[in-house]
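Asks: Sequence:
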Amino acid sequence: MPYKIIGSQCTACSACEPECPNNAIREKDGTYVIKPEKCTECIGYFDDPQCVAVCPVENTCVVDSSVPRYQA
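The opening residue of the sequence shown carries number 1 in my numbering; numbering runs sequentially from there.
Hints listed in this document are in silico derivations from the structure and should not be mistaken for laboratory results.
Treat the hints with care, since some could be wrong.
Stated by the list, open to error - The calculated lysine-lysine pairs, modelled on DSS-like cross-linking and capped at a C-alpha distance of 27 Å, are:
#1 Lys38 to Lys4
#2 Lys28 to Lys4
#3 Lys28 to Lys38
#4 Lys35 to Lys4
Said to hold, decoys possible - Label-pair ranges, simulated between beta-carbon atoms:
#5 Pro68 to Ala12: 26 to 32 Å
#6 Ser8 to Pro36: 16 to 22 Å
#7 Pro36 to Gln9: 16 to 22 Å
#8 Gly30 to Arg69: 27 to 33 Å
#9 Ser8 to Val67: 16 to 22 Å
#10 Lys35 to Cys13: 15 to 21 Å
#11 Pro68 to Cys13: 27 to 33 Å
#12 Gly30 to Asp64: 17 to 23 Å
#13 Ser8 to Gly44: 29 to 35 Å
#14 Gly44 to Thr11: 27 to 33 Å
#15 Gln9 to Gly44: 25 to 31 Å
#16 Ile6 to Asp48: 16 to 22 Å
#17 Thr11 to Pro68: 28 to 34 Å
Here a beta-carbon is modelled for each residue, glycine too, at the ideal position from N, C-alpha and C.
Throw the hints in and build the complete structure from the sequences for me.
Replies: See below:
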């Protein structure tokens, strides 16, 4: 399942945007969002999702269970 950013917790630090290998993360209205159709959970690039790895606020980048899992 792709990841999503909890907007109310996002500090807009921008750490996640350059780390995303799929350019799925963008700034919107002062916080960052992940486009689910572009998120591959970093499969094929990294062992762990990079948005989760670099986010300074715990549990801000979380699995979006409302969207089907990425199929390679």
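Asks: Could you work out which of the previously given hints the structure breaks and list their numbers from low to high?
Replies: none
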